[in-house]
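Asker: Take the position in the sequence shown, starting the count at 1, then add 2; the result is the number in my numbering.
FYI, nobody ran anything at the bench for these hints, they're computed from the structure. Hints are supplied without guarantee of correctness; some may be wrong.
[What the hints assert, rightly or not] Below, computed lysine to aspartate or glutamate pairings styled on EDC-like, alpha-carbon distance capped at 20 Å:
1. K257 / D11
2. K257 / D79
3. K77 / D11
4. K176 / E263
5. K138 / E127
6. K138 / E126
7. K73 / E263
8. K207 / E141
9. K73 / D11
10. K257 / E74
11. K257 / D174
12. K179 / E263
13. K138 / E112
Quick caveat: nothing in here was measured; it's all calculated off a predicted structure.
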Amino acid sequence: MSAGDVKHDYHLVNPSPWPLVGSASATIMALGGVTWMKGLFGLEKGTSWLFYAGLAGVLFTMLGWWSDVIKEANKGDHTPVVSIGLRYGMIMFIASEVMFFVAWFWIFFEMALFHHHRTLSSIEEVRTAWATWPPKGVETVTAWNLPLVNTLTLLLSGTTVTWSHHALQVGDRKGAKIGLILTILLGVMFTSIQAFEYNHILEHKYFFSEEASSAGLYGSSFFMATGFHGFHVLIGTIFLTVCLIRLMGGAFTPKQHFGFEAAAWYWHFVDVVWLFLFAFIYVIFGGAVTAG
3 MSAGDVKHDY HLVNPSPWPL VGSASATIMA LGGVTWMKGL FGLEKGTSWL FYAGLAGVLF
63 TMLGWWSDVI KEANKGDHTP VVSIGLRYGM IMFIASEVMF FVAWFWIFFE MALFHHHRTL
123 SSIEEVRTAW ATWPPKGVET VTAWNLPLVN TLTLLLSGTT VTWSHHALQV GDRKGAKIGL
183 ILTILLGVMF TSIQAFEYNH ILEHKYFFSE EASSAGLYGS SFFMATGFHG FHVLIGTIFL
243 TVCLIRLMGG AFTPKQHFGF EAAAWYWHFV DVVWLFLFAF IYVIFGGAVT AG
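Whole structure, please, built from the sequences with the hints as guidance.
Answerer: Structure follows, in structure tokens:
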């Protein structure tokens, strides 16, 4: 253990540069994003190198920090007590992600459920803009084409990652690899379909309407909710890919495989969030005017 001669169930982490490097890189990336969109520090709007510099630092931190965690696990530092702490940490992380999506749902529901309150305004343009939801003239995406395909894709991926996890628990490494490969392919398929859907929406200007000034709010809430979910699918796919590489390299045992277990938890979280997105944004509150 890192604690020298002290014998206990806890792992005392050696001094690490990653918290400082990660924080600095995240700050640079955030400032770079502002510079890219608005201009900052005398740099013109559209200057993107600062953002990418910060992003490179964040990715480097992720690679280095996670590599250290894997090395600790291989050395036996992850005792049962430490494993419980890791599980609590992952649970709290997923809980924070849940609240992140609650914010986007809250915005969408506030506009969808209470838009009629704005029709009490004394300003005619405001009353007209909020008379209906989705706003008048906005062409929405039908739920029963690509969104339904993506829903089935994620539901199927949930079964394959569960199969893979169960296979690993019983010592069937071949089954675990096959299930994990299928899950990753389904994740790539989801991302590809969503990219195609976004391109179709933008090309045909579904969310653009000269008749309603609130049309932009519908488009913004739609892209924020579904787009951030798509980003989480991409992160989950990378997470599972790393697990596959480790699995093929001989890592994980039926008794000790929390890295894979955490990835499976995260993937199931992504599945559940999409079911809510599909049900509310596409089906219940998004079908007033459907696109063919």
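Asker: Hint numbers the structure violates, sorted upward?
Answerer: Checked against the structure, no hint fails, so every one of them is satisfied.
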